[in-house]
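Student: If you want the building blocks of each chain, they are given just below.
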Amino acid sequence: MPKIEADVTIPESPGGIAAETSLRAPRISPWKPRAGEERLAYVLLAPAVLLLASLIAYPFLTSLYMSLTDRRIAMPGRFVGLRNFSELLLEDEIFQQTLWNSGLYVVGAVGLKTVTGLAAALLLHGMTRGRPVFQALLMLPWVVPASLSVLAWWWMFDPMSSVINWVLVNLGIISRPIRWLSDPFWARSAIVITNVWRGLPFFALCFLAGLVSIPRELYEAAESDGAGPMASFWHITLPLLRPMLGIVILYSVVMTIADFEIVFLLTRGGPRNSTHLLGTLAYHVGLSGGRLGEAAAISLFIFPVLAVVAYFMLRAVRHGAEVS
Amino acid sequence: MRRAGAGRRWLIYGGFLPFLVFALFPFYWMAVTSLKSNLEIYGAQQIPLLVRQGMTLDHFRYVLRETLFARWMLNSLIVSGSSTLISACVSTLAAYALARLRFRGSQFFGMAVFITYLVPPTLLFLPLSRLVASLGVSDTPWALILTYPTFLVPFCTWLLMGYFRTIPREMEESALVDGANRMQAMVRIVLPLAAPGVLTAIMFAFTISWGHFIYALAFVSSNPQKMVNIGLATELIRGDVFYWGSLMAGALLTSLPIILVYGFFAKRFVSGLTAGAVKA
Chain A
1241 MPKIEADVTI PESPGGIAAE TSLRAPRISP WKPRAGEERL AYVLLAPAVL
1291 LLASLIAYPF LTSLYMSLTD RRIAMPGRFV GLRNFSELLL EDEIFQQTLW
1341 NSGLYVVGAV GLKTVTGLAA ALLLHGMTRG RPVFQALLML PWVVPASLSV
1391 LAWWWMFDPM SSVINWVLVN LGIISRPIRW LSDPFWARSA IVITNVWRGL
1441 PFFALCFLAG LVSIPRELYE AAESDGAGPM ASFWHITLPL LRPMLGIVIL
1491 YSVVMTIADF EIVFLLTRGG PRNSTHLLGT LAYHVGLSGG RLGEAAAISL
1541 FIFPVLAVVA YFMLRAVRHG AEVS
Chain B
17 MRRAGAGRRW LIYGGFLPFL VFALFPFYWM AVTSLKSNLE IYGAQQIPLL
67 VRQGMTLDHF RYVLRETLFA RWMLNSLIVS GSSTLISACV STLAAYALAR
117 LRFRGSQFFG MAVFITYLVP PTLLFLPLSR LVASLGVSDT PWALILTYPT
167 FLVPFCTWLL MGYFRTIPRE MEESALVDGA NRMQAMVRIV LPLAAPGVLT
217 AIMFAFTISW GHFIYALAFV SSNPQKMVNI GLATELIRGD VFYWGSLMAG
267 ALLTSLPIIL VYGFFAKRFV SGLTAGAVKA
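Chains A and B are the protein sequences, given in the same order.
Every number in our numbering is 1240 more than the matching position in the first sequence, counting from 1.
Every number in our numbering is 16 more than the matching position in the second sequence, counting from 1.
Calculated directly from the structure, the hints in this document are not laboratory data.
Watch out, some of these pointers could steer you wrong.
[As the list claims (entries may be wrong)] Which chain A residues face chain B? A few, computed with CB under 8 Å, are given here:
(1) A1288
(2) M1367
(3) S1389
Glycine residues also receive a C-beta, built at the ideal position from the N, C-alpha and C atoms.
Between the sequences and the hints, there should be enough to build the whole structure, so can you do that?
Tutor: See the structure below:
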């Protein structure tokens, strides 16, 4: 079976996340580096480096330091070592709850996005006509900023006049209105549904790009060997889609765990802190409560996830580059 | 397609229908609510899915006249426009260097762009809020014009690096042979060819800034300085009284520019999406 790991990008895409090649060594070019090429490179890079160093690297370092102090707004902090971290992990029940919420949220939302995104991609792939139109319509939730569309979801989950409840009651699926945002279980479901709604198009489109790149001959060969659609799916589609699945899932894990506006707009972390994520809790503790050191420590818990994902994504991209 | 039988077609298009309903219903509901009278929105009625008691533009009128909506829109335009412009310039230069030039450390810088691209704004909003305060620009558009490039530049650079690579080197090479220096080759040959890519980057950057939430919420707090998405989410709700009609009208008006751009450039959006995607 030919290895096609490196070909999982949309053909017309300027640089698919899967096939992005920036981390390869620069291709050997036919000309030798000219005098001044290196200097020009540094000049061109300078503004970007300056900006990223002063507004990403430097703040990141100050937040590392801040997390080791008991700093509050308008008060200089004392150095307290790892006390913020140990107190959060060992004593702070709201924080422990938040870690648990984050785990549920990521597993639930990313899992559902993977399954539904794959289903949508397979359906789009099977369409003989109208695919661009359906694809464009499916994309809308991803295109419209979440901070606006989530307002519609907020209204759809309204305790008094939730249209979702109206539909479900009238279809006879439920007999009593669901308490969407006031019951912990349903509030968690609500933020997962909203996140899936927002992220599904991205998953579907990336998976579709992967499906398109699978050579049709493989299916034809399998079919002539008597394999049914299910067998083709398990033995051809899924294995060949794996690199794309991996990258999309990894990327989504970081973005989902760092999610902010869905929770902030729908529940503000409630009811009884059952929907707080690291970002919303850090905002609550740091900017509303003024406990900067503690809040910095909370948001830094996103970092290990980021580091692990970055490591695996770099590896995946490198691997893809080697295969090609 | 093999044996595209009618049954199979039904299965595919019928199976896609729930996805379409799921994707589009919130927008439909937004539009329907914004056109209903308050009486109909909150009254017990038979079928809420349609406007049955006459459409009204009252909610749009309210948003435009009685709130700072127009002012917020202007703030959003200024901030999104400036940060997009800054980011597009900075990123184009950096992406060209990373994609085309050979220099020590190019691998390191490429990796740095990739990693900063993955950094979610949620990780940095606290230290950045201190930084913004110490620069004395809290509660001004500058707080956002300065900080939005932190997520726009990695994204645009990443996208443009891919784009620059699709431009054949030979074109540039022949200019170099003809005696142009690298700078001239870049400005006269590569940049014009990369224009569609730069346009895509601009479009995405504008969309991302238009909807960006956490910095806009954390760094700007006085009502007249707010970005439109923050103004809608924080100023239209007072106590227990919900202005759902006007809130939906405002959200619709604010989404419209993005939907229009998307309508015109759907294909570019789709291909750019997989190039790294708007941050979720």
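Student: If a hint holds in the structure, say so; if it does not, say that too.
Tutor: Hint-by-hint comparison with the structure:
1. A1288: holds, 4 Å
2. M1367: holds, 6 Å
3. S1389: holds, 6 Å
In terms of the numbered hints stated before, the structure departs from none.
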